[in-house]
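Undergrad: Letter by letter, the chains look like this.
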Amino acid sequence: MITGTPQGTIESQDDIYLEGAPYIYFQDWSANPLNNPDSDNYYWGLSGTAAYPVYNLGCINDVSLTEDVTVNNIRCDTVGDKDVVQRRNSLEFVFTLQTMFPLFELRHLLGLSAPTIVGGDLEKIGIGGINNNRWYMVYAPKVYDDDTGDYLLFHLHKCKPVDAWTIGMGVDGWKITGLKFRAFTDDSKSIPDAQKFGTIIRADVSALP
Amino acid sequence: MAKRTNLQVKYPYLEPEKREETAVEIDEVIPIIDAEEKPTIVFREPPRYNKAINNTILIRSRLDAKYKTTGSVSGRPYVFNGAGSIVDVDKRDVDEFLSRRRRKGCCGGSSPNSLFELV
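Sequences listed follow chains A and B, in order.
Residue 42 is where the first sequence starts when you use my numbering, and the numbers rise one by one after that.
Residue 4 is where the second sequence starts when you use my numbering, and the numbers rise one by one after that.
The hints are simulated quantities; they were obtained by calculation from the structure and are not laboratory data.
Backbone N, C-alpha and C fix where the C-beta goes; we use that ideal spot for every residue, glycine too.
It is possible that some hints are incorrect.
[What the hints assert, rightly or not] Have a look at the derived ranges for each label pair, beta carbon to beta carbon:
no., chain 1, residue 1, chain 2, residue 2, range
1, B, K107, A, G170, 25 to 33 Å
2, A, L249, B, P80, 52 to 60 Å
3, A, N174, B, F46, 39 to 47 Å
4, B, P80, A, S247, 51 to 59 Å
5, B, I89, A, I208, 44 to 52 Å
6, B, N84, A, I168, 18 to 26 Å
7, B, L61, A, E108, 45 to 53 Å
8, B, K107, A, I51, 48 to 56 Å
9, B, P50, A, Y192, 43 to 51 Å
10, A, T137, B, V122, 49 to 57 Å
11, A, L151, B, K107, 16 to 24 Å
12, B, S75, A, Y58, 50 to 58 Å
Excised from the complex, chain B in its bound form (with noise of 0.2 Å):
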């Protein structure tokens, strides 16, 4: 509305009779900027980890760090507090949650090396 109350004020509403004899050719179309807009501030809301919701399956981490990380497919952010801990987990994102694996696991290992698994 106030771009629109801007171009108002600078092109006024004219009779047609009165355009033909006020018309002046334009090169080019110039944007008019509002010199009262501002940039708009973002606030980036921080990640809720765990947030409760519903569909869930337990998932239990076998990873001996705090381990934060987004489902792949809810995109929602989890946390898991260390080896056994256990955390909701939408179901959308738990076949991709239990595939994780150590990727470069080396020396005599037998296990399968699966970050998490099902409670």
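The following block holds chain A by itself, in its conformation from the complex (with noise of 0.2 Å):
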């Protein structure tokens, strides 16, 4: 049959495809990775202390990982564009959430005040000023085997909820939109340039060479 394949070597991709959102947790950023780093020299994973909790985030959709980059185009008026310089300058998370509770987690993400629990009956938070000193190691793993335990993770290194957030208070549930971690490059924790912002790790047995 003929298909027009290019001779020589060809790398096709899996026939593998993916459904459904991450699981997304996050833990301070003052935290170490759980590898830190693994012995290839990845940084990723987390591992809650009781210092610094792993939270994880409870109902969430429309998840989507997106980037900001800055392109500029190399313009000659002799002959136009000869080519282009890009320049990544952060990633981000953006996510609805439709869990509201506890607070005490939630406020990470909305920028509210240390709370306080009394008695295990009240949960008190205040909306004050957002504290801009305080970053998150984000990971979202996605396991696409069940059976083989396959996965697919995000680790972002550095952090931070931007934007303003707005809570939709329908009949259909009550939904935070407007959510989004920025990751910025971290270059405090010995992270190797090539992984300044993140690492993605996949662990599939049946499928990698």
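Work from the hints to combine the two standalone chains into their complex.
TA: What follows is the structure in structure tokens.
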């Protein structure tokens, strides 16, 4: 059959398709990643401690990971564009959250004050200024084959919730929209430049060569 | 003593012979209220959190919030100042502290969600 296949070495993509959002975990940036680094010098994973617990976001939807890139054309008046230079500025994890509680977890996303819980009955929290000196590691694993445990995960080293949030109070359920974790470069933990924003790990015994 | 004095004024002591002469029928006993008696003002003492006590065990909070609570056995008030803070807890309260859990955790959490741990 004639398919127009090029000659020589060809790397084709895997016939694997993902659906559904990953879980999203985050932890105070003051903690170190679980693998700090691993045997291959990759920094990734979270390990919760009493002082730095790992938070698991509840019901999320409309999840996407995007990036902010500055693109400058090398444009010559003589021949037009000869090239383009790009700079990755940041990455952004965007999602909608339908879980409101507990407030002491939500406060990290909404920029609320330190909470007080009284007698296991009351949870009190203030809406004040935004603390700009808190960053988080964000970890989003997606198991795409439950039988074999194949997974893909994203680890972002230094993130901060940014942008204005909106709490939609509709009859179809409350939703917090406008939530974004912006990932910055982390040059403080001996992380190599090639991983300065984050790391992607995939585990797939049956598919990886 | 004040009430006793009032009773004596209203019903002075009489010799047995005179009692019969002055005896009257009393339909009902009316309580005598001292006009000078005032309601007592009770000052409730504010709880003294983390009061130094004997027979304690160190407990660490895993809850990322200031947590004010009372020991269910001893009734002592405790306050934990955020995740990782350590407080001396009465031995009698320790089991109950260690059994406290997040009651409605959701979504893929694999940890037992206990709120406290032994140091």
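Undergrad: Give a verdict on every hint.
TA: Evaluation of the provided hints:
1. Range check, B/K107 to A/G170: Cβ separation about 30 Å, and the 25 to 33 Å hint holds.
2. Take A/L249 and B/P80: their Cβ atoms lie about 56 Å apart, and the range 52 to 60 Å holds.
3. Remark: the range hint 39 to 47 Å for A/N174 to B/F46 is upheld by a beta-carbon distance near 43 Å.
4. Taking 51 to 59 Å as the suggested C-beta distance range, the pair B/P80 and A/S247 conforms, at roughly 57 Å.
5. Distance hint check: the CB atoms of B/I89 and A/I208 are about 35 Å apart, inconsistent with the given range 44 to 52 Å.
6. Checked against the given bound of 18 to 26 Å, the beta carbons of B/N84 and A/I168, roughly 21 Å apart, stay inside it.
7. Taken as a hint, the range 45 to 53 Å holds for the pair B/L61 and A/E108, whose Cβ atoms sit roughly 46 Å apart.
8. A C-beta distance of roughly 52 Å is found between B/K107 and A/I51, which places it inside the suggested range of 48 to 56 Å.
9. Taking the beta carbon of each, B/P50 and A/Y192 are about 48 Å apart, inside 43 to 51 Å as hinted.
10. A/T137 and B/V122 have their C-beta atoms about 39 Å apart, which leaves the hinted 49 to 57 Å range violated.
11. Remark: the range hint 16 to 24 Å for A/L151 to B/K107 is upheld by a beta-carbon distance near 20 Å.
12. At roughly 52 Å, the beta-carbon separation of B/S75 and A/Y58 lies within the given 50 to 58 Å, and the hint holds.
Of the numbered hints given earlier, the model fails hints 5, 10; all others are met.
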